[in-house]
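Novice: All chains, please: the whole structure from these sequences, using the hints.
Protein chains: 2
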Amino acid sequence: MPIFTPSELRQVVHDVFSRLGASPEEVRRLQDHLVESNLLGHDSHGVWIIPLYVDMIRQQHIVLGAKPDVVIESSSHAVLDGNWGLGQLMGWLAARLAVDKARQGALAAVTLRNCSHLGRLGEYSQMIARQGLIGFVAVNGQGGVQGVAPWGGLERRLSVNPMSYAIPAPDGVIMLDISPTVVAAGKVAVKALRGERVPEGWIVDSEGRSTTDPDAFEGPPPGSLVPLGGYKGYGLGLIVDILAGALSGGGCSRPDAGRWGNATFMLAINPAAFGEQRAFETEVKNFLAYVRSSRVAPGFEEVLIPGEPEAREKVRRSRAGIFVEDRTWSNITAILDELKRHSSERSL
Amino acid sequence: MPIFTPSELRQVVHDVFSRLGASPEEVRRLQDHLVESNLLGHDSHGVWIIPLYVDMIRQQHIVLGAKPDVVIESSSHAVLDGNWGLGQLMGWLAARLAVDKARQGALAAVTLRNCSHLGRLGEYSQMIARQGLIGFVAVNGQGGVQGVAPWGGLERRLSVNPMSYAIPAPDGVIMLDISPTVVAAGKVAVKALRGERVPEGWIVDSEGRSTTDPDAFEGPPPGSLVPLGGYKGYGLGLIVDILAGALSGGGCSRPDAGRWGNATFMLAINPAAFGEQRAFETEVKNFLAYVRSSRVAPGFEEVLIPGEPEAREKVRRSRAGIFVEDRTWSNITAILDELKRHSSERSL
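Line by line, the protein sequences give chains A and B.
Residues 1 to 348, numbered by our numbering, are exactly what the first sequence covers, in order.
Residues 1 to 348, numbered by our numbering, are exactly what the second sequence covers, in order.
Worth flagging that the hints you see were computed from the coordinates, not collected in a lab.
Worth double-checking, as some hints may not be accurate.
[Stated by the list, open to error] For lysine to aspartate or glutamate, the following DMTMM-like pairs were computed, each having C-alpha atoms within a straight-line distance of at most 25 angstroms: (1) A:285 / B:256; (2) B:285 / A:256; (3) A:187 / A:313.
[As the list claims (entries may be wrong)] Here chain A is said to cover these stretches of chain B; the calculated rule only asks that three of the stretch's residues, wherever they fall, bring their Cβ under 8 angstroms from a Cβ of chain A: (4) 70-80; (5) 176-182; (6) 224-238; (7) 242-250; (8) 271-279.
As the structure is a computational prediction, the values presented were derived from the model and not from experiment.
The beta carbon of each residue, even a glycine, is placed where N, CA and C say it ideally should be.
Specialist: If you want it as structure tokens, here you go:
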């Protein structure tokens, strides 16, 4: 049950990926992304994912050193081709471009195709909001990795299609990071790994029957995540699949998509263009205070704003350290040992 | 149980509102909006609402003849003040402005404050999509008419905050028109009117207890609509309250908001700026065909695309006629009789 400080984990990320040939910038993006995800409590996008990314780099699914091409560009939008580069770097560059353009005007949209896994979308929407803008980010699987059957259907036809919103607020950032399904696929995978049942309502099996057996999700035959609120979540997922897939040119969910990635749609809106930035932030501040002033429901200690549970977890874990499961840690250690052996052999 | 043709209902709308002083353009907008809502099966935004609008006009809550002011404008955005004019006209003008701007560039956002009830949001998103653009429309209650408690709270702090997306597709328009709650408030009101129970999970009472008594929603003390998927629907509603309330200057939900309205955020995205319009529409077409190709779940006849249930209802009602409840019809008849009496008295 190892527990680490953030800087220890940053060192681990550095040691693994720099040995694999990642540039200092790529290493920094991975350090920021993975360790921040762990700090916020989103462990599924934390260091747990290192072995997967190592495999992807070795198989050239993630192409280290790739630079994005700007395919189309105007003052308020751009279409980028990520050339299968590291998602954490491509996503960061796309968000920075959206911020730069929106700041010059009122709003900007940037799409991105041929880009590997972006990880936690809140990273990019928050980055936009920290610059004083409203951020929206959504991705599909660039046609592949479907996990959701349409409402009224039995076979997977949509990616999970997560989305994230972030809004600048005087005492931090409002951040919502959700999939339009009852739960994200990662939560089902964790239950399956641990041999636990899933709650009723998370997934259905290949015949559309509600089940608590997490293995019924992957199958074979594969089941489906349950869309949030039935047709509403199905509809939201379908919209995201089009925004991210069709506007980027990466493609919507389809059969035989080949290489999967995170085709991406990002939007940045500049509140200062719609009035005074300060008036916007004061309005948001007063609204949040009003929301918080509600009497608290039984079973809750207080009313929280989206993003606050994560911000509090970050404070807690920054002090108490980040817990990494034995299995994850031994996987990472094995990779590190192998990389060190390999580099010392090369230096002989 | 009167059943009407669309043109009969258009005549009724004309007769009521032109006698109240609505301009030909205002009458046309009301005809299109109310009768189309009935045709699509969204009766809560159909002719049922005529008596409410008549009251609002008489109380000067809806200001007939008002023109919008353009408060801020650039090539990609605008902030409009509706001067409390008719929502159906102000919303239509705002959507047209968003379309014009997005067509010249890549995307455009238009906000609108001091505007009365917009009605069915799908009207505006669909209008944008029929011009070949992606449309998004969201409104709050300009601070007032709250109906949703925050996640973990007991007291209403947010408007219902509905949103609508529409996307052009080769064989029509994809249209999603939802609130981030399990059901819209109108459905609870209809159950209360009919003396029926509501299904478990729609509403909670003032102490946060799930209830099937529709009267527990309005109270006193008032209950709350249940947010879609708990914290996810709460988060989406909070984002909409800020997009619509803070970016328009109309204001987010707050105590003592005074006059309620529909502060509005609209976004239009031009797919042609991100590639070829035809390539976009082909991608969407192929995606929809793939979604439809799923095996059908038990209890369903086929997989439908968002907006199709409404489009089919329109075909059906265009043939079979539009049913209007006796009570609604007698209310409308009473208003018409009174208006006719009043105008014949004036002509004596």
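Novice: The structure should be examined with respect to each hint, and the outcome stated for every one.
Specialist: Status of each hint after checking the structure:
For a cut-off of 25 angstroms, the pair hint linking residue 285 of chain A to residue 256 of chain B stands: about 17 angstroms separates their Cα positions. A threshold of 25 angstroms between alpha carbons decides the hint, and for residue 285 of chain B with residue 256 of chain A the separation of about 17 angstroms falls inside it, so the pair holds. Distance hint between residue 187 of chain A and residue 313 of chain A is fulfilled; the C-alpha atoms sit about 18 angstroms from each other, no more than 25 angstroms. Here the segment 70-80 of chain B counts 6 residues with a CB under 8 angstroms from a CB of chain A, which clears the bar of 3, and the coverage holds.
Only residues whose C-beta sits within less than 8 angstroms of a C-beta in chain A count toward coverage, and the segment 176-182 of chain B has 3 of them, enough to reach three; the restraint holds. Counting residues of the segment 224-238 of chain B whose CB lies closer than 8 angstroms to any CB of chain A gives 9, which reaches the minimum of 3, so the coverage claim holds. For the segment 242-250 of chain B, the stated coverage by chain A holds: 7 residues have a C-beta nearer than 8 angstroms to a C-beta of that chain, and at least 3 were required. Coverage of a stretch by a chain is defined here by at least three residues with a beta carbon nearer than 8 angstroms to that chain's beta carbons; for the segment 271-279 of chain B and chain A the count is 5, and the condition holds.
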